[in-house]
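Engineer: As given, the protein sequences belong to chains A and B, one line each in that order.
Going letter by letter, the first sequence gives residues 24 to 680 in the working numbering.
Going letter by letter, the second sequence gives residues 431 to 700 in the working numbering.
Careful: at least some of the hints might be erroneous.
Claimed, not checked - Going by beta-carbon spacing under 10 Å, a handful of chain B positions derived as facing chain A:
#, residue
1, Gln588
2, Arg638
3, Gln645
It should be emphasised that the hints constitute simulated quantities derived from the structure, not laboratory data.
Treat the numbers as computed from the prediction; the structure is a model and nothing was measured.
Glycine included, each C-beta is placed from N, C-alpha and C at the ideal position.
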Amino acid sequence: MAQAATAQLDTFPKLLRRNAEARGPKTAFRHKDLGIWQSWTWAEVYDHVRAYAVGLQNLGLKRGDKIAIVGANRPKLYWSMMAAQMIGAVPVPVYSDAIADELAYVLDHAEVSFAAVQDQEQVDKLLSVAERVPRLKTMLYDWGRGLRDYDHTHLHPIAAVIAQGRVQLSEGSDVGKALDAEIDAGHGDDLSIILYTSGTTGRSKGVMLSAGRSIAAATDTVRFDNLSDNDEVLAYLPLAWVGDHYLNFAQGLVAGFCTACPESADTAQNDLKEIGPTFYFAPPRVFENLLTRVMIRMEDASGLKKKMFHHYIAVAKQWGEKILNGQEVPLGARLSYGLGNLLVYAPLKNALGFSKIRTAYTAGEAIGPELFSFYRSLGMNLKQLYGQTEAFLYVTAQPDGQIRADTVGPASPNVDIRIEESTGEVLYKSPGQFIGYYKDAEKTAETMTPDGFVRTGDAGFFEVGTGHLKIIDRAKDVSKLKSGDLFAPKYIENRLKFYPNIKEVVAFGQGEDFVSVFINIDLTAVGNWAERNNVIYGSYQELAGHADVYGIIAGHVDEVNALLAAEPMMAAAQIKRFLILHKELDADDGELTRTQKVRRGFVGERYAPLVKALYDGSTEADISTEVTFEDGRKGVISARVKVKDAKVFAATTGKAA
Amino acid sequence: MLHVSPNTATTGIAKGEVLLSVENVSLRFGGVKAISDVSFDILKGEVRAIIGPNGAGKTSMLNCINGFYFPQEGHITYKGVRRQKVRPHEAASSGIARTFQNVALFKGMTTLDNIMTGRTLKMNVGLFWQLLRHGPAMREEIEHRRKVEDIIDFLEIQAIRKIPVGKLPYGLQKRVELGRALAMEPELLLLDEPMAGMNLEEKEDMCRFILDVNQTFGTTIALIEHDMGVVMDLSDRVVVLEYGRKIADGTPDVVKADQKVIDAYLGVAH
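Isolated chain A (complex conformation) (with noise of 0.2 Å):
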């Protein structure tokens, strides 16, 4: 075995024999079982799956078959990629609650035909696609319940297939050599897995990665992010999403830490809380429901804790992150922050399960400045990074020290960049980068540049000065004003939504001379406002167009083009003008999708006199539009809106760095 340790460690099982080897009782996998964290060191992980891959060669599993994997994360089931992987064979996770018809189009699509499942829910599931995936042969299951009258010729628990494969390998030592070999005859250019991006246009597309490119990738985030077999996470996040399968199982092998699997997915948060990762990924989304949480939880609490807590706030929003980012603080803040963390941050970290994370990565969309910091304040290192299934995951991603909230940081290591001139898309070539996608050479060819970089579909730019890269929107979704200056909706409709008044914005101006926008108020926190202050009001549509509430929200709006205006080439579009919406834009309306998000064309179509009251200079415009009630009845909603103009500056020339 000795020569294993030298062997180049370029694919994931000659990864798992190094852990075994050399940190052998070091636990690897936790998983909450029967109210008790079961644990398996990296030596028994290691023993189970050669039992296990055993098990899968005498079902008939071969190098180059496919085995889907379904289910949530559960050791099992990410043992059931590495057996698969030590045979030479490519695990393709799938979204374990994909639709039917998503399901059979992926197995089939990747031919699979094995199938390693969590439990009877999942097994029913592809039963009912069986017609449709007609190389599928087998499957092996996780948990037994309800499972125990089903015909089990094709189908069996996966603790049979190991135990059946341990028996094997103590009867001779030809099994355990032969294994080895098929470990060895692994190759940093073989197929290391197949994982479908969820596609919101057309169908999933398989996204091809190496074993050798994957290892590298991972490589260089476990040395940039210090991350060593100390760490622990909590893998929560779905198998077939390429961050659980880059930050949980291609680090966590390379790294040797150990991956905690939560015992349901409704008890993630309080697992959570009980093991205390010191490496966490979460989607803004999850940050933002804790933090309302913690904020409404707060409200009942008692007048004296509710006065701490504002106050120790208050003093970390100050200087919480100043001294996360080691900067000059004085003495009096310092010892304040001090008690404040022992007051209120430390038990508040604590009942999130934060205490011990050292490195924390948001990512997916745009996060909210005060959200971000309220964390970062906290004294919790939270970073952004940018990253996409085809790049296996990293593009980019903050470097302790230089972390903001409107970036997603410079390149990441080995990683190069490069802007399309004439779109503003981003343009990569990473070292995990993918082979291309499974048995799809036209939209592979669409996707990389015959110089060997990777079209992200993202327009961004560099900041001056950091180099760091700022996503704006979706390439396609980025166009022009009539002087030629770039003009990205989404960036821009961000921006105003990240005031907690604002609940949307609609922002117009492809080919015309300036950028005007629709704002819809927030009910709910511009009505507090209303109550504190004694504006008195009837109905949505009265408080949104008070003159007091245009007022607060053309501060906003002022302050969001002094931003643009600090950005070369986002200060030709400032809002120019603005007005708020008589009505709340609504899916019901057809004004937004299902998902909430605004439907940008249809608002245009459907609102084109306020459209143009923005652009002929008129002051207020008429409108009436028909509503759809909630009971399903029709009417007509008219309104007078107010049109205003908002303070456009000065492009400065970018902040120095």
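Using the hints provided, position chain B relative to the given structure of chain A.
Structural biologist: Below, chain B alone, put in the same frame as chain A:
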């Protein structure tokens, strides 16, 4: 192509042996006759439904089986032994567990503790050791806790393990109550309207749990339910009561087609 067909094989439990039989039972409260001359039996391993319009005497019947009431006439034979007057806890220790129409849990106690109370009859260690919470008491507690955790896992209520039951929504409370009944490891499980007040999704979950209990543990189940769809899907045999009398008895298909049952549910022209 994969050829696995669910639920084709039999459950492996021999159905046929009579577990409990009710013979000519009548129950009176003063002048009110709640049950008159009802006979039926419950076979081992089956799901038996008792249905009927409001006031038909369904819950009274369940109360007789479970020892709450003692019928003035007739006999109940359980596991081949004709039963004398029993107290509910004696019925419980002989392997009969039940849930109630209106949830009867300890609201201030957690889910875990509530289910743990279901193990009371299985605890053997004396008060002395229990108070010390040491030695044999601790060993026994661990054993019971393991059983309870199995049930929590089975019913998928891990997330509410440590939450006081009073804070839970109704559907979950019903599930906890089922958990407590299961903790007794009963041979005969009596469910009094397990799905009352539930939404469709909760009902579907509950159906699945009832079938799983029946198939996995081989527990015999007698249930009262108003949702006819549920009853017809779940049960092996159905007995129909009206005004305290039995008007039909048989498989769901037979009962569904019975004119007397249709009349009882839909009413007849007078």
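Engineer: Work down the list of hints and note, for each, if the structure agrees.
Structural biologist: Verification of the hints:
1. Restraint check, Gln588 (chain B) versus chain A: the minimum CB separation of about 5 Å is within 10 Å; hint holds.
2. Because the smallest distance between the Cβ of Arg638 (chain B) and any Cβ of chain A comes to about 7 Å, under 10 Å, the interface hint for this residue holds.
3. For Gln645 (chain B), the interface hint holds, the least distance from its beta-carbon to any beta-carbon of chain A being 6 Å, beneath 10 Å.
Violation of the numbered hints given earlier is absent; every hint is satisfied by the structure.
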